[in-house]
Each structure stands twice: as C-alpha cells, then as structure tokens.
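Full structure from sequences and hints, please.
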Amino acid sequence: MTYVVTEPCIGTKDRSCVEVCPVDCFYNHADPQLNDKVGKPAPKEGDVGMLVIHPDECIHCGACEPECPVEAIFEDDDVPEQMTDFTALNAKITEGFSDEELDKNRVTAK
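Throughout the sequence shown, residue numbering follows our numbering, covering -15 to 94 in sequence.
Just to be clear, a hint being listed does not mean it is correct.
Quick list of in silico lysine to any residue cross-link-like pairs, SDA-like style, CA-CA up to 25 angstroms [what the hints assert, rightly or not]: (1) Lys94 <-> Val32; (2) Lys24 <-> Lys94; (3) Lys76 <-> Glu59; (4) Lys21 <-> Met67; (5) Lys24 <-> Glu84; (6) Lys24 <-> Asp60; (7) Lys94 <-> His44; (8) Lys28 <-> Leu18.
These are computed hints drawn from the structure, not numbers from a lab.
Structure, rendered in structure tokens:
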C-alpha cells in the first residue's frame, strides 16, 4: 500500500504534505502538459505539473493525507474511480527517474 497524489494537485502543488512526510518521498513532476490536459494553468511558474509520491519510498504513515488543502492525496485503494490513472502515473514517473533525477526532483521540507 502507498499514498497517491491525484489531479487536484495539478497547478496547486501546495507543499503542506511535504512538511509532514517523515521519509521525503515526494517528487516534483513539472510537466506543463498535465496543466493543459486538465485545463488548470499554473498560478506561478514553479507550480507547473504536480507533486508525486514514490510508491517504493512511502511508508504508508498517512501523515500527508489530512494536510493536503485540495484533498489530492488518497490511499491507493481509495483513489476515486475517475482518478485511478494517477496511481500508475505516480509510480511511472518516480520509477523512471535515474538516481540523479531523483536527487534533483525530490521535494523536502528542509
């Protein structure tokens, strides 16, 4: 089991979830095509795309879920049906990163 970041994060990228994550398993996915796909322009340049959770690093503590102000984070078994493609997207993005890309795109509270 893991947690998944879904569509409401696109163009928002509020980092409240990152602040409480004990294992720093959040990554930046700055893909403007995501914003275009859902029709949500980023309010600031740095907010293009979304945050994703690396499923192999998430310890399933649940600290992030209640902190998300746009309710974009779900347990993988509880992702709403219309957003289930985000489960695979979170995994595909992070598992496709090289070690260098993981270091570059990791989002931490520090």
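Taking the hints in turn, this is what the structure says about them:
Among the hinted pairs, Lys94 with Val32 is consistent with the structure: their alpha-carbon atoms are about 21 angstroms apart, no more than 25 angstroms. Restraint check for Lys24 and Lys94: the C-alpha separation of about 28 angstroms exceeds 25 angstroms, so the hint is violated. Using a Cα cut-off of 25 angstroms, the hinted pair Lys76 and Glu59 holds, with the two alpha carbons roughly 17 angstroms apart. Distance check on the hinted pair: Lys21 and Met67 sit about 13 angstroms apart at the alpha-carbon level, within 25 angstroms; holds.
Under the criterion of a C-alpha separation no larger than 25 angstroms, the hint pairing Lys24 with Glu84 is inconsistent with the structure, at around 29 angstroms. For the given pair, Lys24 sits about 24 angstroms from Asp60 by alpha-carbon distance, which is consistent with the 25 angstroms threshold. Distance check on the hinted pair: Lys94 and His44 sit about 21 angstroms apart at the alpha-carbon level, within 25 angstroms; holds. Note on Lys28 and Leu18: the hinted pairing holds, with a Cα-Cα distance of about 15 angstroms set against a maximum of 25 angstroms.
Of the numbered hints listed earlier, those contradicted by the structure are 2, 5.
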